[in-house]
Amino acid sequence: MSQRQFDLLANLYDRVDLERGRRAGKLAIHDQRMLDALRSVVADQDEYAVHLPEDDPDAVKVGDEVAIELGTPRLGIGMFPMSFADLIRNPAARVSEPGRYYIVAERFNRCSDAVVPDVVQKYRKLLELVTLLGEAAAYVDRAGGHLIFIDEGKFDVPVQYASEDVEALDVGAIDRLIDALSTDIHREQKMAILAEAVRELTRSEPPQERFRAVLAHFPELLKKFNDGYRLFASSFSYEKVKSELEATRIEYAAKIHKVFTDIQNQILGIPVATVVVATQMKEASGFDANFYINTAILIGAWVFVILVSALLVNQTHTLDILEREIGRQRAELEKLHTEIASSFSSVFGFLDTRLKVQRRWLRVVFWILIGGGVLATAAFFVITGPARAALQWLIKLV
Numbered sequence: 001m002s003q004r005q006f007d008l009l010a011n012l013y014d015r016v017d018l019e020r021g022r023r024a025g026k027l028a029i030h031d032q033r034m035l036d037a038l039r040s041v042v043a044d045q046d047e048y049a050v051h052l053p054e055d056d057p058d059a060v061k062v063g064d065e066v067a068i069e070l071g072t073p074r075l076g077i078g079m080f081p082m083s084f085a086d087l088i089r090n091p092a093a094r095v096s097e098p099g100r101y102y103i104v105a106e107r108f109n110r111c112s113d114a115v116v117p118d119v120v121q122k123y124r125k126l127l128e129l130v131t132l133l134g135e136a137a138a139y140v141d142r143a144g145g146h147l148i149f150i151d152e153g154k155f156d157v158p159v160q161y162a163s164e165d166v167e168a169l170d171v172g173a174i175d176r177l178i179d180a181l182s183t184d185i186h187r188e189q190k191m192a193i194l195a196e197a198v199r200e201l202t203r204s205e206p207p208q209e210r211f212r213a214v215l216a217h218f219p220e221l222l223k224k225f226n227d228g229y230r231l232f233a234s235s236f237s238y239e240k241v242k243s244e245l246e247a248t249r250i251e252y253a254a255k256i257h258k259v260f261t262d263i264q265n266q267i268l269g270i271p272v273a274t275v276v277v278a279t280q281m282k283e284a285s286g287f288d289a290n291f292y293i294n295t296a297i298l299i300g301a302w303v304f305v306i307l308v309s310a311l312l313v314n315q316t317h318t319l320d321i322l323e324r325e326i327g328r329q330r331a332e333l334e335k336l337h338t339e340i341a342s343s344f345s346s347v348f349g350f351l352d353t354r355l356k357v358q359r360r361w362l363r364v365v366f367w368i369l370i371g372g373g374v375l376a377t378a379a380f381f382v383i384t385g386p387a388r389a390a391l392q393w394l395i396k397l398v
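Sequential numbering of the sequence shown, starting at 1, is according to UniProt numbering.
The hints are simulated quantities; they were obtained by calculation from the structure and are not laboratory data.
Where hints are given, some of them may not hold.
As the list claims (entries may be wrong) - Taking CB as the label site, the calculated pair distances span:
#1 S96 with T72: 18 to 24 Å
#2 G172 with R4: 36 to 42 Å
#3 S243 with D320: 27 to 33 Å
#4 S243 with W361: 26 to 32 Å
Every residue gets a Cβ at the ideal spot worked out from N, C-alpha and C, and that includes glycine.
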């Protein structure tokens, strides 16, 4: 409902020929639709605050030109300030852009596709800065327009600025600060550094002038922030990084070795299975008990080969996951500590070597397993007469 009311009133404002510096002027009624809209808003003074000082709304007809006075409508419909300066007299509008507003002097409708005036573009950039400072602050009073920081107690920065401050805004400097805070790397520390820079810059100012001081001396604020962050970035401990990477090396080396130890019982079962196959198969000249024993042993041997092969594939996938995680750790180190990353290349080189060794061992075990299955099959056909005869018959068919 409020959006429809706003659109109705904004459309009427667009057509009023305003007197300079006044919320009054002349309205030419070109069609019935405009006449209906005029009568609708005039009939509800409490909502729209539109008045015809010289004419009776019911007597007005299409083609007439009437004098019109435009007051301040109900705030729930939207804001209709005379100028941009009037818009930002509202404390909440200095913290976030109102959803619906119409600047009369600029004929700018926030809800339309109209060209955005330069002052509004700068205003929106300034609100991005307010949002960043709000994130750095301990608390934001949006209704009252206050940024509350903590500095041995409450440190209040009222968001007070005028249209001249917006027009003089250093957009490039604000963009540089936004870019510096656009990534999540050390974001919490960056916000703390920004808060400290604001406090240092404005501590000597009276509260009502603090935010304007931030805008007036923004390059200095940006320098304080950059200096503070450089100091933070260079203050990390080399020994701490070394200790953390050593712990990482031990942790991942243990995980890599565990890939093999987790299946060592199954691997040790390979020679046992080989002995069983070699000693339990008996010469079988016909379809006697030895034939069925040999067949059962061969089937059991291949079931063992398949199950252990599945375990080996699973452990290979585990190594793939560990390799990706180690790569992520390496990339994070290079991103956060570019200057010293090369000093710890041996740690990741060691882990890469362990990964390659484990992969080779898994391949060796796999081929031993396959070889054992093939040998068991060969032994079966050699000592089991019916199976050997069937194989020879198949070979002749081929």
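Indices of hints not satisfied (ascending):
none
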